[in-house]
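Please work from the sequences and hints to get the whole structure.
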Amino acid sequence: MLVDFLTAKTLGTVICILLGAYGVYVQHLLPSFKSWLLQQERTLWRLDYEDVLKARALLNARGLPMELVLKILEDAEYWPTRKFSTQEGRTVKVAATMFRSSAAGLCFDADVFNDPRVDGLRKGGEKIRIKAIDFHIRSRDQGWTSEPTRGTFSTSSWLEASILRGLEDHRTRLPPSCWLDSVFESPRSFQQHITPRGWQLAQRPEFAEQGPQGGEGDLAWYLQGNRVATQGHAEEYDITWTQYAHESNEGSGTGDGFLDELKGGDLLLVWARAKHEMRH
Numbered sequence: 001m002l003v004d005f006l007t008a009k010t011l012g013t014v015i016c017i018l019l020g021a022y023g024v025y026v027q028h029l030l031p032s033f034k035s036w037l038l039q040q041e042r043t044l045w046r047l048d049y050e051d052v053l054k055a056r057a058l059l060n061a062r063g064l065p066m067e068l069v070l071k072i073l074e075d076a077e078y079w080p081t082r083k084f085s086t087q088e089g090r091t092v093k094v095a096a097t098m099f100r101s102s103a104a105g106l107c108f109d110a111d112v113f114n115d116p117r118v119d120g121l122r123k124g125g126e127k128i129r130i131k132a133i134d135f136h137i138r139s140r141d142q143g144w145t146s147e148p149t150r151g152t153f154s155t156s157s158w159l160e161a162s163i164l165r166g167l168e169d170h171r172t173r174l175p176p177s178c179w180l181d182s183v184f185e186s187p188r189s190f191q192q193h194i195t196p197r198g199w200q201l202a203q204r205p206e207f208a209e210q211g212p213q214g215g216e217g218d219l220a221w222y223l224q225g226n227r228v229a230t231q232g233h234a235e236e237y238d239i240t241w242t243q244y245a246h247e248s249n250e251g252s253g254t255g256d257g258f259l260d261e262l263k264g265g266d267l268l269l270v271w272a273r274a275k276h277e278m279r280h
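Okay, so the sequence shown: first residue is 1 according to this note's numbering, each after it adds one.
Hint data in this document are derived by calculation from the structure and do not stem from the laboratory. A virtual CB, placed ideally from N, CA and C, is assigned to each residue, including glycine. You may find that some hints are simply not true.
What the hints assert, rightly or not - Estimated spans, in silico, between C-beta atoms of each pair:
#	residue 1	residue 2	range
1	75	246	17 to 27 Å
2	72	261	23 to 33 Å
3	168	122	32 to 42 Å
4	196	249	16 to 26 Å
Claimed, not checked - Taking lysine-lysine pairs in the PhoX-like style, the calculated list, with each CA pair at most 20 Å apart, reads:
#	residue 1	residue 2
5	127	54
6	71	127
7	263	127
8	123	54
9	263	123
10	71	131
11	263	131
12	71	54
Written as structure tokens, this is what we have:
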């Protein structure tokens with residue numbers, strides 16, 4: 001592609017990361033909290049922690065040992081849930097050109113652990129972890145290409161996710177939302193901007209690098225590529241990241257190590273990315 005750009009239009013509403021012509025929905029579950037991004041038209045199955053406690057008590061009352069009860073609920077993915085979504089109607093556009101060879105637009109941030117219920121769970125002795133994250137995305141590239149890659153995911157526009165973490169004992173922090181809609185060259189340039197302000201991005205395992213991320217450092221996980229030259233039509237993608245596997249469509253990232261890296265106080269970020277390959 002001589003010029004690559006990404007257009008994202010937020011569709012969603014419920015706690016998801018709907019990135020728009022990117023819609024990205026992200027929904028989180030803790031304790032057991034599974035995170036998923038669901039389409040608006042889907043029937044949404046949401047559990048509170050109270051629902052899980054009732055199920056535990058019901059099974060335990062039937063004579064099942066608590067160890068077996070917990071195993072049953074775990075295998076059934078009977079987890080409390082949290083949902084996050086972008087603001088309805090919000091549009092995010094990112095362009096890379098011969099004058100700006102790389103662009104990273106911050107589309108969404110989710111404070112996944114910031115919930116009174118989570119504090120209550122910790123006080124009750126629960127170990128809080130994100131068990132899974134489901135993303136629902138609508139995205140597209142610019143709709144044309146001069147390369148023989150039409151219809152493939154050999155793309156220069158994509159989505160990726162980062163983990164934002166506050167530095168200890170730093171007094172000059174800014175709320176992450178103040179960077180929404182900002183465009184940087186890459187997550188690495190964003191890191192240089194935020195470190196003096198008391199924040200940093202978690203490092204991704206080197207082996208998890210995918211697609212056009214080469215040479216950019218290890219501060220973001222590849223989430224989903226855009227199919228090349230789809231004539232401006234947005235496509236929908238579903239990606240599920242768990243601790244041990246991933247379920248997704250063609251052109252998606254595996255999320256290796258992402259959930260293991262998430263810790264209390266972290267925020268989840270989603271980037272819209274585009275690169276322009278210089279021709280000589």
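Structure-based check of each hint:
1. 75 to 246: 17 to 27 Å: 18 Å, holds
2. 72 to 261: 23 to 33 Å: 28 Å, holds
3. 168 to 122: 32 to 42 Å: This hint is violated: roughly 19 Å between Cβ atoms.
4. 196 to 249: 16 to 26 Å: Given a distance of about 39 Å, which is not inside 16 to 26 Å, the answer is violated.
5. 127 to 54: This hinted pair holds, its Cα atoms lying about 18 Å apart.
6. 71 to 127: Cα-Cα ~15 Å, so holds.
7. 263 to 127: 11 Å, holds
8. 123 to 54: Roughly 19 Å separates the two Cα atoms, so the pair holds.
9. 263 to 123: 17 Å, holds
10. 71 to 131: 14 Å, holds
11. 263 to 131: 12 Å, holds
12. 71 to 54: With a Cα-Cα distance of about 15 Å, the restraint between residue 71 and residue 54 holds, given a limit of 20 Å.
In summary, the structure is inconsistent with hints 3, 4 from the numbered list given earlier, while agreeing with the others.
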